[in-house]
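Q: Sequence:
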Amino acid sequence: MNRDILINRTINKITLLPDWRLEEISDYVDFLLKLNNDKEITNDIMKLISSSKSFNFLNNEEDVYDESDLIEKFQ
20 MNRDILINRT
30 INKITLLPDW
40 RLEEISDYVD
50 FLLKLNNDKE
60 ITNDIMKLIS
70 SSKSFNFLNN
80 EEDVYDESDL
90 IEKFQ
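Each residue of the sequence shown is one higher than the one before, starting from 20 at the first, in our numbering.
Rather than coming from a laboratory, the hints here were simulated on the basis of the structure.
Since this is a predicted model, take the numbers as computed values, not measurements.
Errors might be hidden in some of the hints.
Said to hold, decoys possible - Pairs of lysine-lysine, DSSO-like flavour, derived with a Cα cap of 27 Å:
hint, residue 1, residue 2
1, K53, K72
2, K32, K53
3, K72, K92
Claimed, not checked - So the derived label-pair ranges between C-beta atoms look like this:
hint, residue 1, residue 2, range
4, K58, E81, 16 to 26 Å
5, V83, S45, 55 to 65 Å
6, M20, L67, 30 to 40 Å
7, D63, Y84, 21 to 31 Å
8, Q94, N21, 55 to 65 Å
9, N75, I44, 40 to 50 Å
10, R22, L89, 54 to 64 Å
11, D82, E42, 52 to 62 Å
12, N79, D23, 21 to 31 Å
13, V83, N55, 16 to 26 Å
14, K53, D23, 23 to 33 Å
15, N78, K32, 24 to 34 Å
Even glycine gets a Cβ: it sits at the ideal position worked out from N, Cα and C.
Could you build the full structure based on these sequences and the hints that come with them?
A: Laid out in structure tokens, this is it:
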């Protein structure tokens, strides 16, 4: 569905509601905007962390154990 059509349809429905419902809708829209903003911030942080070299020491860690350390092997 086209964005403009959906916006117009929603506005038309909202105008039919009583005033006390408008506050609820406004609060809900604020909540959705905050949620969207939080997701964007989280994604940006993840991108920064993944491109950072701060955690590279974890990638270069050598194996502490190998197969020869096993006492019993299950097949």
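Q: Now tell me, hint by hint, if it's right for this structure.
A: Hints and how they fare:
| no. | hint | verdict |
| --- | --- | --- |
| 1 | K53 - K72 | violated, 30 Å |
| 2 | K32 - K53 | holds, 23 Å |
| 3 | K72 - K92 | violated, 37 Å |
| 4 | K58 - E81: 16 to 26 Å | violated, 37 Å |
| 5 | V83 - S45: 55 to 65 Å | holds, 56 Å |
| 6 | M20 - L67: 30 to 40 Å | holds, 35 Å |
| 7 | D63 - Y84: 21 to 31 Å | violated, 37 Å |
| 8 | Q94 - N21: 55 to 65 Å | holds, 60 Å |
| 9 | N75 - I44: 40 to 50 Å | holds, 48 Å |
| 10 | R22 - L89: 54 to 64 Å | holds, 59 Å |
| 11 | D82 - E42: 52 to 62 Å | holds, 60 Å |
| 12 | N79 - D23: 21 to 31 Å | violated, 53 Å |
| 13 | V83 - N55: 16 to 26 Å | violated, 43 Å |
| 14 | K53 - D23: 23 to 33 Å | holds, 24 Å |
| 15 | N78 - K32: 24 to 34 Å | violated, 53 Å |
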